[in-house]
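> Given next are the chains, with one letter for each unit.
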Amino acid sequence: MKFKDLLLVDLLLGLWTTIKHFPRKKFTVQYPEKKLAVPQRFRGMFRLNVNTCLGCLMCQNACPIDIIHMEVHDETTPEGKKRKVVDRFDIDIKRCMFCGICESVCPNKGKMLTLRTGSYEWAAYERDHALYFDRERLTHAVDEYWAARGGWPEHLRPPDAADPCACILPPKKEDA
Amino acid sequence: MSPELLSWMSPELLNWVVIPAVKTAVILAIVLTIVAYATLLERKVLAYIQARVGPNRAGPKAILQPLADGFKLMSKEDLVPDGAMRFLHLLAPILIMVPALAIFAFIPMGDTTTLFGLLEEPVPIFVADLNVAVLFVIGFAGLGLYGVVLGGWASNSKYSLLGALRSAAQIVSYEVPQALALIGVLVLAGSMSLVRIVEAQREMGVWFAFPGFLAFFIYFVCGVAETNRNPFDLPECESELVNGYFTEYSGVKFALFYMAEYANILVVSCLSTILFLGGWLPPFPSLAVWQHLPSLPLFWFLAKVFVFIFFYIWVRATFPRYRFDQLMGLMWKWMLPLALANLILLALVKLWLLK
Chain A
123 MKFKDLLLVD
133 LLLGLWTTIK
143 HFPRKKFTVQ
153 YPEKKLAVPQ
163 RFRGMFRLNV
173 NTCLGCLMCQ
183 NACPIDIIHM
193 EVHDETTPEG
203 KKRKVVDRFD
213 IDIKRCMFCG
223 ICESVCPNKG
233 KMLTLRTGSY
243 EWAAYERDHA
253 LYFDRERLTH
263 AVDEYWAARG
273 GWPEHLRPPD
283 AADPCACILP
293 PKKEDA
Chain B
3 MSPELLSWMS
13 PELLNWVVIP
23 AVKTAVILAI
33 VLTIVAYATL
43 LERKVLAYIQ
53 ARVGPNRAGP
63 KAILQPLADG
73 FKLMSKEDLV
83 PDGAMRFLHL
93 LAPILIMVPA
103 LAIFAFIPMG
113 DTTTLFGLLE
123 EPVPIFVADL
133 NVAVLFVIGF
143 AGLGLYGVVL
153 GGWASNSKYS
163 LLGALRSAAQ
173 IVSYEVPQAL
183 ALIGVLVLAG
193 SMSLVRIVEA
203 QREMGVWFAF
213 PGFLAFFIYF
223 VCGVAETNRN
233 PFDLPECESE
243 LVNGYFTEYS
253 GVKFALFYMA
263 EYANILVVSC
273 LSTILFLGGW
283 LPPFPSLAVW
293 QHLPSLPLFW
303 FLAKVFVFIF
313 FYIWVRATFP
323 RYRFDQLMGL
333 MWKWMLPLAL
343 ANLILLALVK
353 LWLLK
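Chains as they are written, first to last, in my numbering: chain A, 123 to 298; chain B, 3 to 357.
To be clear, the hints were calculated from the coordinates, so they are not data collected in a lab.
Just so it is clear, the structure is predicted and the values come from calculations on it, not from any experiment.
Idealized CB from N, CA, C, for every residue including glycine.
Keep in mind that a hint or two might mislead.
As the list claims (entries may be wrong) - So the derived label-pair ranges between C-beta atoms look like this: (1) Ala-245(A) to Ser-241(B): 31 to 39 Å; (2) Met-87(B) to Cys-221(A): 53 to 61 Å; (3) Arg-59(B) to Lys-147(A): 31 to 39 Å; (4) Lys-216(A) to Lys-74(B): 29 to 37 Å; (5) Tyr-148(B) to Arg-217(A): 52 to 60 Å; (6) Trp-336(B) to Phe-220(A): 57 to 65 Å; (7) Ala-245(A) to Val-28(B): 47 to 55 Å; (8) Arg-279(A) to Val-309(B): 50 to 58 Å.
Could you build the full structure based on these sequences and the hints that come with them?
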């Protein structure tokens, strides 16, 4: 026991340490009113543009847990060119870990399957709305997400975001 | 109050029933409001010290938060665990709350007031000026232990029981130095009436915290133990005993325990203010300046109490919890000799310095 201990210097130093933080600036972001802008690399929900899809199934094969389900059929355009039409493009979102491999193997990179949409508010009231995304929802959901929030942020806007074709889906085989 | 308005009452009825009843209601309202807002203050201050924002949703600046908490707790189910003693389980929160509130009957928040000239005769701002108020306060503060021990025993839960046992171990260790520290003040003031103690500080022109700084320190440390607060919150310590003696409580009973904790903080803060910081007197009451300024008894009193409450929260945000053998060691090996030495010191001070 030293003399210094008797004067409770350590306790006073402790009190000083805590009170120093009292007037400090608070870092809390009041979430629903204020939102953090996500960095560009942030992986949000998928956005799909089936019109530019080659139907190569690269993403389906690359997916490490096989949660991308695709069905394609061949078609001949009026000009006589052969192309593949995507009938089914489902992603089982509830199992997705957002590793981004599907996006990185896509030969049409950045135009067809995009993860960097900056979207993160995907809470849903319906069970199905958050678990499984089919071709239609993958196409529309992110666009609607940003439309509800006053349009795409410039640094995230995909090149075809203004393209109205992005929202018109080619007919499926059984429809044709 | 004009005489015509109250003329139908006999003076006995007025003086012995009506005025005390009104005062009791007013003081109870003040105390419960302070208690409710002390919870909010605690959450806010803790949050600020931890670089958070704290509650800010219920009303502007969260001023409705205590109300929201109260409604939440009142609407909750009142659970009684299997094998609990139902009657004692119900009795415990009452036993802890009633003494905490009863003490306020003897706590003078100021000398007299005319309510800004509303009343013809000045009315004292306390319900009763008991000549043995200090004894009464110590006794009632000890009664609160019954609530803790009974609550822990009746809950039929090992956490509650351990909390109750610790509380019993704690009270035997802190009460002795605490009482000895108070005796030092009684020696200085020469009276056990809380009003007289403040008056004595006015007459001597010095707060008792200056001659009795040791007593002040001991009383405050023991007061922290008395209110089961950090760093002596062994009976409840949430990291070991969940919530100690009130683990098994919910709803209104939980609210009573919770409020009793803050009511006890308020009791200790008020007593520290009265005994050591001159109650409603301004700082350095003998200065000539105060003759020319309006005396604001309630303001000075509440300001000092607020400082104490803030310090309580500040201490909670700073210090880790003592083990209970450490607490007993601190109280018996350090505080008790210190309190005895302090008693002798104050007696000598009284004998030679303050006549």
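> Next, verify each hint and record whether it holds.
Hint by hint, here is what the structure shows:
1. Ala-245(A) to Ser-241(B): 31 to 39 Å: Given range 31 to 39 Å: holds, Cβ gap about 32 Å.
2. Met-87(B) to Cys-221(A): 53 to 61 Å: 58 Å, holds
3. Arg-59(B) to Lys-147(A): 31 to 39 Å: Given a distance of about 21 Å, which is not inside 31 to 39 Å, the answer is violated.
4. Lys-216(A) to Lys-74(B): 29 to 37 Å: 33 Å, holds
5. Tyr-148(B) to Arg-217(A): 52 to 60 Å: Given a distance of about 58 Å, which is inside 52 to 60 Å, the answer is holds.
6. Trp-336(B) to Phe-220(A): 57 to 65 Å: Check passed, 58 Å falls within 57 to 65 Å.
7. Ala-245(A) to Val-28(B): 47 to 55 Å: Since the Cβ atoms of Ala-245(A) and Val-28(B) sit about 49 Å apart, the hinted range of 47 to 55 Å holds.
8. Arg-279(A) to Val-309(B): 50 to 58 Å: With a Cβ separation near 56 Å, Arg-279(A) and Val-309(B) satisfy 50 to 58 Å, so the hint holds.
Consistency note: the structure conflicts with earlier hint 3 alone.
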